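> Chains as they are written, first to last, in the working numbering: chain A, 2 to 405; chain B, 238 to 474.
Keep in mind that a hint or two might mislead.
[To be verified] Calculated lysine-lysine pairs in the DSBU-like style (CA-CA distance at most 30 Å, straight line):
(1) A/K246 with B/K340
(2) A/K273 with A/K283
(3) A/K246 with A/K283
(4) A/K401 with B/K340
I should point out that these hints are in silico values taken from the structure, not numbers from a laboratory.
Small disclaimer: the values here were computed from a predicted structure and weren't measured.
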Amino acid sequence: MNLALRDIRHNRARFALTTLGIGLLLMIVMGMGGIYRGLIAEATLLVDRIGADLWLVQASTRGPFAEISRVAGNLEDRARAVPGVASARRFVSHTVQREHRGRPLRIVVQGLSWPEDRGDWLPLIAGRPLRQAHYEMVADRSLGLALGEQVRLGKDVYRVVGLTQGMVGSGGDGLGFFSVADAQAIQFDEPPEATRLERAARFDRVVANDLGRVQPLLADRSAGTSANIPAFGQPLVSAVMVTVKPGANPAAVADTFRRWPDVTVYSTAAQKDLLLSGMVDKARRQLGLFRVLLVIISTIIMALIIYTLTLDKLHDLAMLKLMGARNRVLAGLILQQSLLIGALGYALAWWLGQYAFPRFPRLVVIQTPDLIALAGIVLGISVLASLLGIWKAMRVEPNKVLAT
Amino acid sequence: MNASTPNRVAAVAAERLTKVYGSGNTEVVAMNDVSLQVQRGEVVALLGPSGAGKSTLLTALGLVNPPTRGRIAIGGQPVLDGDQPLTDLRAFRRQHLGFVFQKANLIPFLTAVENVQVALEINEVTPRQARRRALELLDYLGVAERAGNLPEALSGGQQQRVAVARALANDPSLILADEPTAALDSHRGRQVMELFCRVAHERGAAVIVVTHDHRALDVFDRTFEMEDGRLRPGHSA
Ligand SMILES: Nc1ncnc2c1ncn2[C@@H]1O[C@H](COP(=O)(O)OP(=O)(O)OP(=O)(O)O)[C@@H](O)[C@H]1O
Ligand SMILES: [Mg+2]
């Protein structure tokens, strides 16, 4: 006859509530672990998915994710000339927060190096990659945009042609993919007045020096659009991504770039390292610490619950002792209940998590090794929590039966 | 039943038991130089005013409240010398002793039959055998039809009979009952007392009953009276 189950059967409601409480607590522990994993996954997602071997960034910066990096757009062409390089793409990325349908819309604007890169590598769940150089975008589902929806960003309107899932930046905001030119248009969008003022200032600068005075035509050109001035370079980009030809040695290619004084080169692994050791490091440690605290708190709460359950049964335990029950009968009763509450709580946490975690605003990643580890921890918590109750049960005098 | 038959081993033999509670100013001598022998098959009443030390003697014999001085042997086996156990007292309790108290003290989350069954199972009886024997006992005590009920659904008298069944479960050589009828009406009280006699006579157990109920004294083989921790044979025996 199992005393633990008999007691539970008799106090069903109480055990159900207790298990529910423990289950919710464990769900938070589980979720905290998932948020921790999600943070890491989101931080490194883009670096992983974009499929570059090497990253060329502004000299001596840790960009483009961990800090700002600015390199000339034509670095792309220089990189392509290096032996062993299969492709080089411009990387343009910045976050905008605009109003859309009366709600704030945060997009990580991601430039695709048109025409080489049309986003064929994107994990699309609907629609298609970009098909024209302008006014199209592929949006992540988390942005809440529908296929075919039109979004005004800056002076232009972009149509959502494709949807991805789970493509978010390190801050958890959804990615929007545009051609690089569009991405820059969004980034450098300035009002007409600013453009007029800039042109006027440019004209003044030119006519103020001898070049403008001896060549009036030059002064004229300077007052026009900047794209028509050959002396002006293309707008800057954040970085250039390089893929290495199959069979070529990435380290050797990287060595070539390392000799260029205007850039710093990182491998994809190094780029991920920068992200994890720098940008998300504190958040990661914070979550890790919080998780440890939660485990400790769960242990204490569970120990108190088991202890109170034991206190309530103290008279019965004394009676069993008086009748000559062995210590292992009493300890078994308490330990089994503790394990059962732990196990049911864990199952409940897992089950609730299936529903709750996908609804969290940021990615929650529940991995099997983490689940197994947590199961181990819950087992440990249950055993530890029962110790206090068992200790109390061992100390109760059989005489106590007579006291009441 | 003759207590002085020399060739029989006493069910319980207590020799010069003294129990002192507390020390210094708060010292209470609850039991003073008490000696007692009860044979198997014998039913003995323990009378006396409140605070006389009856429960102290009973719990000492029950091996849950060791005396300060004196020796106790049960079924011929020495078990306590002063407060020093001479054997595993808990194992001894489950194999040889049965307890009944003023309150039934049934385990609230076990049904009537389970309450009896648990006493057998902690004594290594297989669950199936334990159940069969528990049902037999409940039948013997006339509460078989309530076997599946939780204690809260039983009347006081029914609870007490289940408690008696539990005390009898392991065929104890000594049954100790502390005011088992105090919570019952006199009719039910008498029934329980007669039950003890039947158990003692049919099963050969020794029974010691603490009671205040002088009307039921005729069922006992002997009576003892306690006063101020001292034990003397009662007059109505
Ligand atoms: N645990 C204890 N600590 C100190 N004194 C105690 C303790 N238990 C009993 N006593 C004292 O020992 C004396 C005998 O108590 P006991 O319980 O044996 O009396 P009793 O004859 O059973 O009384 P009643 O008929 O009221 O049950 C009393 O004076 C009591 O106060
Ligand atoms: Mg008493």
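> Hints first: check each against the structure and report whether it holds.
Here is what the structure says about each hint:
Between A/K246 and B/K340 the alpha-carbon distance is near 89 Å, which puts this suggested pair outside the 30 Å criterion. Of the pairs offered as hints, the one joining A/K273 and A/K283 holds, with about 15 Å between alpha carbons and a cut-off of 30 Å not exceeded. With a C-alpha separation of about 37 Å, the suggested pair A/K246 and A/K283 falls outside the 30 Å cut-off, and the hint is violated. Restraint check: the Cα-Cα separation between A/K401 and B/K340 comes to about 13 Å, which is no more than 30 Å; the hinted pair holds.
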